[in-house]
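Enquirer: As a plain string of letters, each chain reads:
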Amino acid sequence: MEERRHRTLPSFLASIAAWLAYAFLVLPSLIVVPMSFGDKDEFQFPPQSLSLYLYKRYFFESTWMQVTLQSLLVGFCTMVAALILGVGAAYGLDRYEFRGKRAITLFLLSPIFVPAIVIALGLYLYLSRFHLVGTTPGLIISHTIITVPFVLISASAGLRHIDRDLETAAMVMGAGRLLILRKVTLPLLRPALVAGGLFAFLISFDEVVIAYFIANVETETLPVKMYSSIHWEISPVLAAVSTLMTLLSLGVCLAVAFLQRSEQR
Amino acid sequence: MVAQARNWQEHRTSNWGVFFIPFLAPALAFMIAAFLTPLLFVAYTSVVGDQGPSLAYFGEILTRPLYRRVAENSLEISVMATACTLLVAYPIAYHLARRTPRQRALLVILVLLPFWTSILVKSFAFTVLLGHAGIVNHVIEAIGLPALPLLFNRTGVMIGLTHFLVPFMVFAILPSLLSQPPELRRAAELMGAGSIRIFWSVTLPLSLPGVAAGAMICFILALGTFVTPALLGGRSDLMIANLIDFHIHETLNWSLGSALAIMLALITAICTLVISRIRGGNLFGTG
Numbered sequence: 010m011e012e013r014r015h016r017t018l019p020s021f022l023a024s025i026a027a028w029l030a031y032a033f034l035v036l037p038s039l040i041v042v043p044m045s046f047g048d049k050d051e052f053q054f055p056p057q058s059l060s061l062y063l064y065k066r067y068f069f070e071s072t073w074m075q076v077t078l079q080s081l082l083v084g085f086c087t088m089v090a091a092l093i094l095g096v097g098a099a100y101g102l103d104r105y106e107f108r109g110k111r112a113i114t115l116f117l118l119s120p121i122f123v124p125a126i127v128i129a130l131g132l133y134l135y136l137s138r139f140h141l142v143g144t145t146p147g148l149i150i151s152h153t154i155i156t157v158p159f160v161l162i163s164a165s166a167g168l169r170h171i172d173r174d175l176e177t178a179a180m181v182m183g184a185g186r187l188l189i190l191r192k193v194t195l196p197l198l199r200p201a202l203v204a205g206g207l208f209a210f211l212i213s214f215d216e217v218v219i220a221y222f223i224a225n226v227e228t229e230t231l232p233v234k235m236y237s238s239i240h241w242e243i244s245p246v247l248a249a250v251s252t253l254m255t256l257l258s259l260g261v262c263l264a265v266a267f268l269q270r271s272e273q274r
Numbered sequence: 110m111v112a113q114a115r116n117w118q119e120h121r122t123s124n125w126g127v128f129f130i131p132f133l134a135p136a137l138a139f140m141i142a143a144f145l146t147p148l149l150f151v152a153y154t155s156v157v158g159d160q161g162p163s164l165a166y167f168g169e170i171l172t173r174p175l176y177r178r179v180a181e182n183s184l185e186i187s188v189m190a191t192a193c194t195l196l197v198a199y200p201i202a203y204h205l206a207r208r209t210p211r212q213r214a215l216l217v218i219l220v221l222l223p224f225w226t227s228i229l230v231k232s233f234a235f236t237v238l239l240g241h242a243g244i245v246n247h248v249i250e251a252i253g254l255p256a257l258p259l260l261f262n263r264t265g266v267m268i269g270l271t272h273f274l275v276p277f278m279v280f281a282i283l284p285s286l287l288s289q290p291p292e293l294r295r296a297a298e299l300m301g302a303g304s305i306r307i308f309w310s311v312t313l314p315l316s317l318p319g320v321a322a323g324a325m326i327c328f329i330l331a332l333g334t335f336v337t338p339a340l341l342g343g344r345s346d347l348m349i350a351n352l353i354d355f356h357i358h359e360t361l362n363w364s365l366g367s368a369l370a371i372m373l374a375l376i377t378a379i380c381t382l383v384i385s386r387i388r389g390g391n392l393f394g395t396g
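If you read the protein sequences in the order shown, they are chains A and B. My numbering runs 9 ahead of the 1-based position in the first sequence. My numbering runs 109 ahead of the 1-based position in the second sequence.
From the structure, some residues in chain A lie toward chain B, with a derived Cβ separation under 7 Å: (1) 98; (2) 130; (3) 232; (4) 251; (5) 262.
Chain A is nowhere near these chain B residues, computed Cβ spacing over 12 Å in every case: (6) 159; (7) 160; (8) 176; (9) 253; (10) 262; (11) 284; (12) 296; (13) 318.
Simulated from the structure, these hints should not be mistaken for laboratory data. Ideal placement from N, C-alpha and C gives every residue a C-beta, glycine not left out.
Working from the sequences, and respecting the hints, build out all of it.
Expert: This is how it looks when you write it as structure tokens:
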């Protein structure tokens, strides 16, 4: 009996430490949720009465809506571009052996390892030569660079999971390579493509450092506006924006978890 | 038909490679044009300024006290944040590793959610929580203790950075805990080791490669942070990224900003190489 207690006390303490750590991770973003239902232009915790006042301000004040739409536009275009480039590269790398393949893979993944501030500075110096600084295409190009690696990883994992015999069967039955790609490979890849696309969209939608360097007043994205708002004034509308963004993250997180599970089955 | 099928199997090594060039080429061309070239631009700008090519900008960074201080700050903050992160992340990884796969799949969402939450949402939450009239100080004052300075100083940066880094550390440590065969624990138990002893002499040592990789990843990420020190730190908590921003947007000394960026990139590259060594050439540790 005594030995048993000996065994459970440390593991009990370990559990407490773990739950404290979980609380530290999750509570801060949850604290903004009740605040977002405050009914005044100042912070209250807990709010005296519940209202949608801050949400109304978010949805009907043109400045917040404009930057949100801009972020949605940039995020969507980035997602499409990153999917086209990333999935193509994953297919080429997975299905063909050649010299220098490792180096090319590492190069295509390298934007993950370079600090965002360095990429931001490079793009700022480089894109200004083409008058792309301060433009939406400039933002899309910038965000495509940092999202291609994630689509590449996601699509490569998907391609490794595909049953190669299905492609062989289609080949034996006389299907051409493009037809096989379109009718067999891509449909089988769908969960990986959706996950990679969601990652790309969310990364672009949340990205701030590069957007802070590349965007100007007219092409400002939501995170850049949030950054300056926290820096200079701390508007209570931020509580509503933060709640909505946390919901978006939760949605993407659950969707990807679900997709990965269905893929493993 | 069999020959055709075999041909399909063998295409990986045959001339069919030509078929794959159109798939790989766009991504490669785009990355060379839009990623590699801008980095070369930074390198070029860092050595070529108003007075022609020179290493003067690097010399200035290494000798001027302001830059020394920012560099020391950055290293100090990054190392301390990595240590704090380890203290928070290890209990989580250990807890996750000892659940059933089903429980783990649910609990891991608690780590994934902050991972995918925007850094600005977190920064906003911390300004609300830690400020002088923030929620934490409200609670502290309600107990009857004096309010603590938690925001716009080193403490704020530490809390914000640790919160940002924990998921990366958890995902680095977890595989090294999961890959330990359960029989090892059993054997140690049978030989009479208590759970503390098992942890110190079996579990922890075997998880050290994961800890080392995680610490490296967190150190790199911390060293390059821009948002957290800018929003949660004070004037003396400026880091390299903030100094780069200052030179690009305020003093317009692009060469100095570029030289700083090159140094940051070099330190990051060296650490990345070390990580890939720890993981036996596999950067993502996924096999």
